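Student: Sequence:
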Amino acid sequence: MRIQELIIEIKATLNHVFTEVDTWFDKPEAVRDYRPPNNDWTINEILEHISLTSHFLLKLIDKGVLKALKNVNNLDLAKELESYSFERAKLDEIGIYKSFDWVRPEYKEPTGRASLSDIRNTIAAQKNACLQYLDQMPNEEGVLYKTTMTVNGLGKINVYEYIHFPGQACSKTHCPNGKE
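Mapped onto my numbering, the consecutive letters of the sequence shown carry residue numbers 11 to 190.
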């Protein structure tokens, strides 16, 4: 897959998924506060978890974008693109509920301290940040920096794949009952 097509796909995924996530903020409070019988998370807790997870991903993405843009002067982009392949299968699994074993770090667990309005604004800003990062790397620069992602054994992934990750991690098939 060409990187330009990938950027378009990632943008579409982010817009679609984050728009779907946003609809949950408008559900009645009773729906958002419902706790399933198996003690899974409520919708409000899921929304907070999405904002926390995206917060930490964006820290890594921000560093990755800066390093990828710096590497334009140090690495051979054509050579990197020759061996490039998008890790679609493993990335797509992230959006499927219970498709892999993973122990979520405690700091990504919802606390209930953030207001729903703040969480909504944060998630909207996070989506916009991802889209802006893609705009900063329109010429395939995102393949020039990789960092390790332990989730689902992804290993070293590039910046485009990292930006694709929040769209998969927030997909509607990922947390239907509130937990990964």
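Among the hints, erroneous ones may be present.
As a list, the in silico DSSO-like pairs of lysine-lysine whose alpha-carbon atoms are at most 30 Å apart [claimed, not checked]: (1) K77 to K21; (2) K166 to K69; (3) K156 to K77; (4) K77 to K100; (5) K21 to K156; (6) K37 to K166; (7) K166 to K73.
Ranges of calculated distance between the beta carbons of each label pair, as one might list FRET restraints [as the list claims (entries may be wrong)]: (8) N83 to D50: 43 to 51 Å; (9) E30 to R98: 16 to 24 Å; (10) N81 to E39: 43 to 51 Å; (11) L126 to P46: 24 to 32 Å; (12) E30 to Q146: 36 to 44 Å.
I should point out that these hints are in silico values taken from the structure, not numbers from a laboratory. Keep in mind the model is a prediction, meaning the values are calculated, not measured. Yeah, the Cβ is synthetic: ideal placement off N, Cα and C, and Gly gets one too.
Student: Okay, which hints does this one fail, numbers in order?
Tutor: The structure breaks hints 6, 11, 12; every other hint is satisfied.
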